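Listed below are the residues making up each chain.
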Amino acid sequence: MRIKLNNEIVEIESSFTVQTLLDKYQISETGLAAAINNTVIPHSSWASTPLSEHDEITLFQAIAGG
Amino acid sequence: MNSTLSQPEKLRYARQMLLPELGENGQLRLKQAQVLIIGMGGLGCPAAMYLAAAGIGSLVIADFDTVERSNLHRQILYQDYQIGRNKAQQGAINLHAMAPDVSYHVVSEKITADNVFSLVSDADLVLDCTDNIQTRLLINQACVNLQRPLISGAAIGFKGQLLTLPMTVNSPCYQCIYHSTPDDQSSCLQDGVMGPLVGVIGSMQALQGIKYLSQIGCQEPKLHRFNAINMQWQNLALTVDPNCPACADKPLRNKDAY
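Heads up: the protein sequence lines correspond to chains A and B, in order. FYI, in my numbering the residues of the first sequence are 1 to 66. FYI, in my numbering the residues of the second sequence are 1001 to 1258.
Everything labelled a hint here was simulated from the structure, so no lab data went into it. Here the structure is a predicted model, which is why all the values come from computation and not from measurement. Treat the hints with care, as some may be off.
[Claimed, not checked] List time: in silico DSS-like cross-link candidates among lysine-lysine, alpha-carbon distance up to 27 Å:
| id | chain 1 | residue 1 | chain 2 | residue 2 |
| --- | --- | --- | --- | --- |
| 1 | B | Lys1211 | B | Lys1222 |
| 2 | A | Lys4 | B | Lys1159 |
| 3 | A | Lys4 | B | Lys1222 |
| 4 | B | Lys1159 | B | Lys1250 |
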């Protein structure tokens, strides 16, 4: 199925969760936040949150500067 | 007299009191409020200036650092000849020159676990304008424990984040969003930052603060991400992490919800 990952269309298996997506792309979890369709998904739900066709996933880092 | 506005105050705040959402009641709420601003750098300068100008009753401004020449492209509260002076002390002097009705309290010590709780406890609202992750975690923990609303700003390069955390029962905290934090956090020192970008984020911290204190809005937890290259905002809803290291075992979490 197709989803958008940080505004780019990618093809993934329909069984994917947030966690398997991170694993597939080998994305470091340190300081990382994940959102599906503009709602932030807490870390403890990543492995249990399935992705659906056309979901828009945003992955972004904490920033601390000021 | 915190329960009324003087004639000079009514004149000073006339253009914002004209707004039906604020009015005289909202202005009085601002006058009765105490706001803690931690960090008087690129975010804290515009945030403090707008809050002082808006007539917040009491501003507590905290920064242990001194003004450096390399700060001045973004820390717009300070004058060139004030290089070398403590930011909180000099900030209070400069803010007083602009808005003398506000009561200013200076904290020129570093924020630590020893002083953060009493400072947060006295505040109606906390603005996190700091430049490092350790202090951000400390401020978040104090706001969680004491259930104080937190408006957190951050900026680096051309990216900004504005986090509004009301800290009401069953609303998320900073660590519900960022479960782990990098040790080698990028900073303005290493990576650079665009001056007007911190101005945008700091000004929006003040805007959110004024809306919160005057009860116009800003009661929902939200994360706003800003990309200053393509000028796009992303507005994100937030949810509680039941396993959050900062708030899972605190009264902020209503256990009945799980």
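Which of the listed hints are not met by the structure?
4
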